[in-house]
Each structure stands twice: as C-alpha cells, then as structure tokens.
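Numbering (UniProt numbering), first residue to last: 1 to 132.
The hints are simulated quantities; they were obtained by calculation from the structure and are not laboratory data. Keep in mind that a hint or two might mislead.
Stated by the list, open to error - Estimated spans, in silico, between C-beta atoms of each pair:
#1 P121 <-> P62: 27 to 37 Å
#2 R127 <-> A63: 28 to 38 Å
#3 P71 <-> V106: 10 to 20 Å
#4 W90 <-> P8: 17 to 27 Å
Just so it is clear, CB atoms sit at the ideal spot from N, CA and C, and this is done for glycine as well.
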Amino acid sequence: MSDIADVPPAIVGRLRVICGELPEAYEEPAWIGLRWRIRRRTFLHVYTTDERGSAYIDMDDPAILMTFRAPPGELAALAHAGPPFFRADWGVNVVGMVLDDETDWVEVAELVTDSYRVQAPRRLAFRLKAGG
C-alpha cells in the first residue's frame, strides 16, 4: 500500500469534496494512490504514474490518472473519446481519465457521481438521485 504522497494535495482535496457528497462513500489508501469505495466496491481510484508509465495509456512523462466505472450508455463513448480518456481493461466497465491543468472539474464530479451510482446498492443510488 502507498500513502497519498504520489497524488498532489490539490487533486486529493477536489476529489474529497466530490466524494464527500456521496452517501456512505469512504476513502482509503490503495496499492498506489487512493481509492474511494461504497461498501467494499471501488468507484474511484486516483494515482500518479512513475517512470514506468501506465499499462493503459502511452505517456512520456508521469501523469495523474483517475479510473472509474461508467454506466453502459457512457462506457463506449468515453472509452473511444480519446484524450483525456482511455479504456482501463481491468474491469468490464472501467474507464480512465488523465487529470491535468485542463481538467474540467464539473465533468469530473459528474463522472465520479455516475461511477458511484454504478457501484452503490440500489437504495443508496436512489437516495442520491432523490437528492437525499
């Protein structure tokens, strides 16, 4: 397990605000970076690549990557959209996104919320949709 030192504090702070709005979501260290979970299901993982890069995307320099779950209707569109998105093939519904200075944080909030809905028990996902 790693600590969060590999993810810039500003990125962690923004993601904490987004995930803090999701019922019963919690944060924990992952094998690299951080992940957020609902019950025992991961809906968001963020980490910084090292000099070895990533198995999912070719990058010349280290980058901050976020992987998340996408609902079926969005999965293909995101996976084929090109940068900053990429397909992470470790799960049937996992997509990744490069986080950088151009990141649209409103879009990130929507993607993270959708990912939570994919992984959350129906009761919690319904509470989120109902605004409670």
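Comparing the hints with the structure gives:
Here the CB-CB span from P121 to P62 is close to 36 Å, well matched to the stated 27 to 37 Å. At about 34 Å, the beta-carbon gap between R127 and A63 stays in the expected band of 28 to 38 Å. Checking the proposed 10 to 20 Å range against P71 and V106 shows it holds: the Cβ atoms sit about 18 Å from each other. Checked against the given bound of 17 to 27 Å, the beta carbons of W90 and P8, roughly 24 Å apart, stay inside it.
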